[in-house]
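**Student:** Assemble chains V, Y and G with the ligands onto chain S, guided by the hints.
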Amino acid sequence: AGCGGKKATTGGGSGGDGKKTVKVGLAYDVGGRGDKSFNDAAYAGLQKVQSELKLDVKDLEAKEGESDNDKIQRLDLLAKSGYNPVVAVGFVYAPALAKVAKKYPNTKFAIVDDNTVQLPNVTDLLFAEQEGSYLVGAAAAKKSKTGNIGFVGGVQTPLIKKFEVGYIAGAKKINPKIKVQVKYISQPPDFTGFKDPAKGKTIAQGMYDQGADVVYAAAGLSGTGSLQAATADKKWFIGVDSDQYKTAPADEQPWVLTSMLKRVDTAVFNFVKSVGDGTVQKGDVRFSLKNDGIDYSTSNPAALGDLPTTLNDLKQQIISGAITPPEK
Amino acid sequence: MIEQEVRTPAPDTGGARPRGATRGLVIGLGVFVALILLRLITGETDITSSGTMGATLALAVPIGMAALGGLWSERSGVVNIGLEGMMTFGTWGAAFGAYFSGNPWLGLLCGVIGGALGGLLHAIATVTFGVDHIVSGVAITILAPGVTRYLSDLLFTDEQGGGATQSPPLPSFPTWSVPGVGKPLGSLENHHWILISDLAGLVRGVLTGLSPITLIAILLVPASFFLLWRTAFGLRLRSCGENPIAAESLGVKVYRMKYAAVVISGGLAGLGGVFLAMVASSNYQEGQVNGRGYIGLAAMIFGNWRPGMVAGGAGLFGYADALQLRGGAGAVHAMLLLIGIGLLALAVWRGYKGRYVAAVISAVVAVGVLLWFFLTDELPREIVTYSPHITTLLVLAFAAQRLRMPAADGMRYRKGEGA
Amino acid sequence: MIYRVLAKSYTRTIVAALVALIFSIAITSIVLSVSGFNPPSTFQAMFEFGKEPDSIVNTVNRAATYYLSALAVAVGFRMNLFNIGVDGQYRLAAMLAAAAGGAWALPVVLHQVVIVVVAVVVGGLWAAIAAFLKVTRGVSEVISTIMLNFIASGVIAFLLNPSRLATKVAGSNNIGTKPISSSGRMPGITYPGSELKVYSFVLVAALAGFAFWFMVNRTRFGYDLRATGLSQSAAVASGVDAKRMVVVAMCMSGAIAGLVGMPQLLGGSYSYSLDFPTGIGFTGIGIALLGRNSPVGIAFASLLWAFLDQSSQILDFNDIPKEIVAITQAAVLLSVVVVYEIVNRVGKRIDQRHVAAQLGEVPA
Amino acid sequence: MSTTESATTGPAVELHGITKRFPGVVANHDIEIEVAAGTVHAIVGENGAGKSTLMKILYGMQRPDEGTIKVAGEEVSLHSPADAIARGIGMVHQHFMLADNLSVLENVVLGAEKLHGIGGKARRRIEEISRQYGLGVEPGRLVEQLGVGARQRVEILKVLYRGAKILILDEPTAVLVPHEVEELFGNLRDLKREGLTVIFISHKLDEVLSVADTITVIRRGTTVDTVRPGDVTARQLAELMVGSELPVPELRESTVTDVPVLTLRDVTVRDAAGRAIVDDVSLTIHEGEILGIAGVEGNGQAELVEAIMGMLPVDSGVISLGETDLTGLATRRRREAGIGFIPEDRHRHGLLLESPLWENRILGHQTRPPNVKGGLIDRQGARRDTERIVREYDVRTPGIDVTASSLSGGNQQKLIVGREMSDAPKLLIAAHPTRGVDVGAQSAIWDHLRHARADGLAVLLISADLDELIGMSDTLRVILRGRLVGEADPATTTPDQLGSLMTGAGEGSAA
Ligand SMILES: Nc1ncnc2c1ncn2[C@@H]1O[C@H](COP(=O)(O)OP(=O)(O)OP(=O)(O)O)[C@@H](O)[C@H]1O
Ligand SMILES: Nc1ncnc2c1ncn2[C@@H]1O[C@H](COP(=O)(O)OP(=O)(O)OP(=O)(O)O)[C@@H](O)[C@H]1O
Ligand SMILES: [Mg+2]
Ligand SMILES: [Mg+2]
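Residue numbers (this note's numbering), protein chains in the order written: chain S, 1 to 328; chain V, 1 to 419; chain Y, 1 to 364; chain G, 1 to 511.
No lab work stands behind these hints: they were computed from the structure.
Straight line, CA to CA, 25 Å or less: simulated DMTMM-like cross-link-like pairs of lysine to aspartate or glutamate: (1) V:Lys353 to G:Asp279; (2) V:Lys415 to Y:Asp351; (3) S:Lys179 to V:Asp377.
Listed below are several chain Y residues computed to face chain S (Cβ distance under 10 Å; list not exhaustive): (4) Asn58; (5) Met95; (6) Phe158; (7) Asn161; (8) Pro162; (9) Val169; (10) Leu196; (11) Ser273; (12) Gly279; (13) Asp309.
Only a predicted model underlies this, so the values are computations on that prediction, with no experimental measurement involved. Ideal placement from N, C-alpha and C gives every residue a C-beta, glycine not left out.
So here's chain S without its partners, still in its complex pose:
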């Protein structure tokens, strides 16, 4: 059942605006709700919309291996049924959005992680993942006693590459001689790497066995497996996208050093709110350390110890432009 169980009109609704009630539509990337990272963050934003703005919402899931037509269909249905604004989660929606947004000029759209669609009614929600990754990279290097840390990527896409590059740069900033083990679970177009905790676990275990004592998993749900490995070996783990300390089981929580926060929830919420206020911004909206769209989590102070001092310092340098973490 869809979110909140609200009844919606079936097809045939008139195009977009002119309606009194605002209804918010959201289309997930593969992985969907429950991935404990990217999509879940979007969902959190949507929940906030529902509870704080008291708006009707509708979220639709994608299917593995579907074609552009399916995505067009999904966005089109939302727009056609009067959902406005409509949020597309993930760069895979770009070609579909380009078509649908043209068809419904009065509907406001947003897309996460892409700015190839340049239309007056499309807002591109972009994140500086490298900045947050830089910070947690620094945290890992500081925390590491062995001078050996790991990075587990879900799927080897340019997006995840950004996390890797930022992480390594941050770590090297602290310890130029640090060894970083890098491993991806799957290769595109095979996207199962984002949802294979078993492999996330095996890889992290391998890294710990090879001497790493901190592992950063930018791997969607597969990261939960890596956290299990960390708990078993009593080593450190760094989460991604959402604050994974909050979703981890109690016995695993102590080993979550921090998480790189990519505030898709904030982005979604702000975007919806701005549509309501009439202050909606078209084109690129960038989220970074500067506007709290990117951050690191401090929900496990026992583990972090005095790390925040260093991290906040680096953060200020990045915000001020003194440091520019690399993107590739």
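**Tutor:** Only chains V, Y and G with the ligands this time, still in chain S's reference frame:
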């Protein structure tokens, strides 16, 4: 499996072969020694580390359960390429049982039942209705993801942490290590002494951090052997896979045996699914099985439809996967050396046997592989990910002809229509 | 009467399909009711949505892709050769064809032809690996094609890399092959009432269906293919070279598989990128089984399948999991094979009785 | 009708009014048989008369549509072989019922594990029975390593192991060589002495007359008479079986020319294990000659045929048709060169059972008119020619669009013969051309062979029916363990003499 009548040399059936168990042991030892040598030559310690061995075991369990399931089914004459789907039912069943009861053991039960129901469906189609086994297997593999996603959407989306494609986190099984093994062996292992450290790695990897499912899975291998080869039930079941008409003429209830075998087959696949959802990870995930059912079938073929060898096959694939996941490109790269030398040995053997063309082909491939090894430092990461699948193909290409499947495997059998 | 009805194999197919459809609708209704939904209104909503112009265009486009995939599968099935590897074959073929199409700018028509030929050749060659292993090494094609699906993913990943055949799309996190220039694209066909276009590759698919029918039913090769499927031993005794058949049929199947990605590539995305659809090869297996490996049957089956996929999209809006159609699809598939088996058996018995009766050989 | 000799015991088995219908066929119709305890009761009848069906009914493998079965005076309802076994009935089937890949022990104890388990105890029991009856069966061997005779003995042991009191033997001698038959009969007499009842089916009437106490004749599914061996001759028995004068296979004047058609030089075929199954065979068949090959089944006949057809690779030697060297050619090329082929197993090698007759006309002739034009199938041509075959060869069918599976075996065979005689073959390979075919069809097929021979066709005839072989051959060769071991003159040889040649009893040449 389904072998069309393209004539390939018949399997050698000479009487003077070492018995299965001894043979398996000899092969196992040989492989282990080769790995030790490889570790020494290349310096890739991960080749025999306890971590690799442990990961091998963890990765081999689901494959092995699928393979054992395939063995049960095919020993009764029913080809089961629906294992993939039955494992999917197993993963979902495990999540359903464990989440809603809060008890991992009920997850185990529901997962096995889920797989067994898939098996039952396959049995109904193939045994009662005489549907082609491949066709039914494919249909079940198509059915499973649809059903589980539908059910997840109904049951998991409104739960905290759940969604249409995954269950909420599940309660986990306790793990268990053989007492007194971890520490001392760990230090032995770290010395990287020849043989001793390797052996320590193997023992430590296999004996520590075991889940109950792993134990059950390991025990199921000898249990299957015992049931199938040492009991009247097993004899009857196997006779249905060899010559169901003869079995029928001796009063064996062929349909009943086939049903039993295929349902057990599904249950075993389901158990593999339980392992994936509850031990390898902590929740049900759409697409979690990810081809393991098929690799299981390959392991079954590789193991010549015999439990011990089948377990060995699963171990091989588990090892290939563990190596590529942990060691990555380096360790897999080292494997090239082993393959190259193996092929070279094969070439010599063939030359000795007078099969010169085959010998030359092997030699050329061997040289190619060795050149590849010496001229590169790493294999492309994208390809390494699929080394278990490439291994499967290679192993089958070299082994398929010496194998003997049950004589009536895949045959449509109808009661009372025999000779 | 019944004899007349069941005498022809196509009427048997139709009867089987109808019974199976009714059965699976019943199953679906039961599942819906048990889950607390109203079956008639669910079907109604699907039907209403499915007949909108946009939906029709999407259904047809989808069906064309499914159709090609099922044809590829059916070539093998016709001789009991199980090509489970259509999935890997079409993805690899589409990827390399897209790369080739993007790399060269050629005159119209020639450009499309080159792209399609590359796809066909790549698909055929990838399938040839399985054929080779089967013929020379006795490796079951079921296992080898499944493994080749995975390995194809690896090869695609390797090649789809900015340092090899791919380019990164500026501003996006996607990567893909260089887009095919307009000379290589196939313009769509307008459908009244819809802004979406019907892929013109639909026509090629129809042509492929006809060619398939002609090949199977009218040519010597087709006869050998069918004979091998009906009785391999009899075919061999009649002079069919079983190994050659395996190689030819497998390569042909792979070649048709090469076409599967073309509607999307030439009519929609113009590039092979990370979001290129996957899994169509498996759908094709189901559809081939549903259509009983005949080109006409497959046409109906792919339209039905596509219609269910398409019209189910609306269900999410009614808070009904749209995966219900996956259950319908699987039920229709399983029941059609079972029902066909039964109908066929009954039909055969009636046949025999009829022949005996006509010849007056049945003693009282 | 006298059925028993010992009045003290009642009949062991009584079958009353048994009727069994298959689609299109009534296999058994109102069967009446009483089998006295402690006797050997033979059942004879033509191929397809319904003997096996009847025995399967008695063994619980098939259910009668009508009729009653009494065992030891008690009416029983047999739902499965298990029921029959429980009543002390055991059956040795016409076709071996053994799993090749299981050991002898496993094959024997299967289904009877309750008796002595599946381990050492069972092994000892098997060795004991084997000794007792001189069967010479080793429990540890894999069945696939056994020869035909040994398999037969395993089958009998299987039944004895279950302690059967009533033994059904369906054509047990078909695959045995004469001294094995003698041994078997010795065993049967022993069994009888110990009070067992034997029901015995055979086509070999002299055997029947020598071993049976009572003989029941079945014709077209129904019992026509029960006689005692002393009261009838083999010829009378045969005519009871067919209900009319027997057709006689015979050739009138010789048409043999000296133009060689098929020549085999030192042809050897080996199996995967390297054993020669066809061993150094040389022969020549001339235009207008029928060369018959006699041999006990399994002595390499089938492989010889497959080698000539190119279905089995030849290890060494040369096969040529006229001037053409066939050795390296594919089956299709050989057929095109002018070989017609009537296969031994028509279902496996001769027909597409699920396809209509006219499509079956094309099978094996896919490259030649009237079936094809260029690369395309000529449907009209094929249909027209099928009509011709149906007419000329008297194939009883309502039309050419029915599937081959709906025809009776004899009509299927006539279709195949007609097809293989088309396209003017130079050589016809006829493997058991009249097997399972009724008397009328049999003589029609012989007529066709005679005509074709007169027109210069060369024929390689393989048959288990010695009368057919002797009557239809111009030249007779004998095959034993893959070697051509002797030659016989069909004009003078008798089935007995031929039989002893076939078993190697009198190696060399017989007059
Ligand atoms: N399972 C079956 N289905 C259909 N028809 C059958 C079946 N079994 C036997 N028949 C038919 O029943 C008739 C009797 O067959 P049966 O095998 O009993 O003959 P038989 O006397 O044993 O012949 P033979 O001497 O060749 O062994 C045949 O005409 C055959 O066509
Ligand atoms: N399952 C079946 N379905 C239909 N027809 C059958 C079936 N089994 C047997 N028959 C028919 O019965 C005929 C005789 O069957 P049978 O098994 O006795 O073989 P056969 O050709 O007589 O061989 P043999 O002489 O070795 O017994 C076949 O030619 C076939 O027409
Ligand atoms: Mg018979
Ligand atoms: Mg018989």
